[in-house]
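The lines below spell out each chain.
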Amino acid sequence: MIPTAWYLLLAAILFSIGAGGVMLRRNTLVILMCVELMMNAVNLTFVAFSHELGSMTGQVFVFMIMTVAAVEAAVGLAILVELYRQTQSVNIDDFDSLKG
Amino acid sequence: MEAILFFIFGGLAVIGALAMVFNKNAVHSALFLLLTMSMIAALYVLLNAQFIAVAQVLVYAGAIVVLILFVVMLLGAELGEKIPQWLTVRNGVMVLLALIFLTISGTAVYDWLYSTQPVAGTVTDELIAQQGSAELVGQSLFTQYLLPFELASILLLVGIVGVVMLGGWRFVQHRERGK
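Sequence order for the protein chains is Y and V. To convert, note that position 89 of the first sequence is 89 in my numbering; the numbers rise steadily by one, no gaps. Just add 1000 to wherever you are in the second sequence, counting from 1, and you've got my numbering.
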């Protein structure tokens, strides 16, 4: 029987790696991947608590988060393709057309 | 035995995540993301959440990573940024921020360990073995959480419409005008 705290720590590590990746990288595709990783870490926390507390609510939440993640990935990548058509680049420093 | 499996899967997940961040090629990053997500699915099996594990493989590994890989290869954006070197002051500050965040969340876990333990719920491992993980998730999804479930379908519809508007609508209009 593995303590729930180990899962929580693993999720915290994965979330921190994802957050660090969002800040470190300039390639927008890799940034989107890091966001997905952060969502996965949160999902792991939800399922760990669902197991710990003996409730299904956490798993239903994970189901909803997966829906949101799928929509987010699709819309984000569509925006990225459109931006690439405009600027011929995926570097996030080139996307500054909203700057005043 | 279970602890050994946890360390194998968890270690591979962390290694995959680190390799994803510190890889210059976006295709390799996506493949390492696939590794991490598969390992998280294995951890869900260890946590006795088989339905979520299968959904994880289907949605994340099967759909999202493939979508990302398609876009990377479509745009030819494997090397979207030039990385002269990793060791700069700016990157150091970012890593420091991530470590501070890790410390804060680790403290939260530590606090939770020594707080009062809540009362355990009704869903035990025996019940999951008896009824099945998918049945139990479906039961709460279609009774207690029916409204969020229906709203999720509306969200998916909005996503589809948004992607069509962003991606292909211009070509449809162009073709209509051509006729």
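To be clear, the hints were calculated from the coordinates, so they are not data collected in a lab. Here a beta-carbon is modelled for each residue, glycine too, at the ideal position from N, C-alpha and C. Errors might be hidden in some of the hints.
Stretch-level coverage of chain V by chain Y, calculated; a stretch enters the list once three of its residues show a Cβ under 8 Å from a Cβ in chain Y [claimed, not checked]: (1) 1011-1019; (2) 1032-1045; (3) 1055-1067; (4) 1087-1100; (5) 1151-1157.
Computed footprint of chain Y on chain V, listed as stretches where at least three residues anywhere in the stretch have a Cβ under 8 Å from a Cβ of chain Y [as the list claims (entries may be wrong)]: (6) 1122-1130; (7) 1137-1143.
Far from chain V by the CB rule (all over 12 Å, computed), these chain Y residues [stated by the list, open to error]: (8) R25; (9) N27; (10) E72; (11) L98.
Quick rundown of the hints versus the structure:
1. For the region 1011-1019 of chain V, the proposed coverage by chain Y is satisfied: 4 residues have a C-beta within less than 8 Å of a C-beta in that chain, meeting the threshold of three.
2. Counting residues of the region 1032-1045 of chain V whose C-beta lies closer than 8 Å to any C-beta of chain Y gives 6; at least three are required, and the coverage claim holds.
3. For the region 1055-1067 of chain V, the stated coverage by chain Y holds: 7 residues have a C-beta nearer than 8 Å to a C-beta of that chain, and at least 3 were required.
4. Check result for the region 1087-1100 of chain V against chain Y: holds, 6 residues qualifying (beta carbon to beta carbon below 8 Å, three or more required).
5. Given a C-beta distance limit of less than 8 Å, the hint that chain Y covers the region 1151-1157 of chain V holds, as 3 residues qualify and 3 suffice.
6. A count of 3 residues in the region 1122-1130 of chain V with a Cβ less than 8 Å from any Cβ of chain Y is obtained; the coverage claim is therefore met, three being the minimum.
7. Note: the region 1137-1143 of chain V has 4 residues with beta-carbon separation from chain Y under 8 Å; the three-residue rule is met and the coverage holds.
8. Separation of Y/R25 from chain V is inadequate, the least Cβ-Cβ distance of about 7 Å not exceeding the 12 Å criterion.
9. Taking the minimum C-beta to C-beta distance to chain V, about 4 Å, the non-interface status of Y/N27 is violated against the 12 Å cut.
10. For Y/E72, the non-interface assignment is contradicted: its Cβ lies about 8 Å from the closest Cβ of chain V, within the 12 Å cut-off.
11. Remark: the non-interface label on Y/L98 is consistent with the geometry, its nearest Cβ contact in chain V lying 16 Å away (cut-off 12 Å).
The structure fails hints 8, 9 and 10 (numbered hints given earlier, in ascending order).
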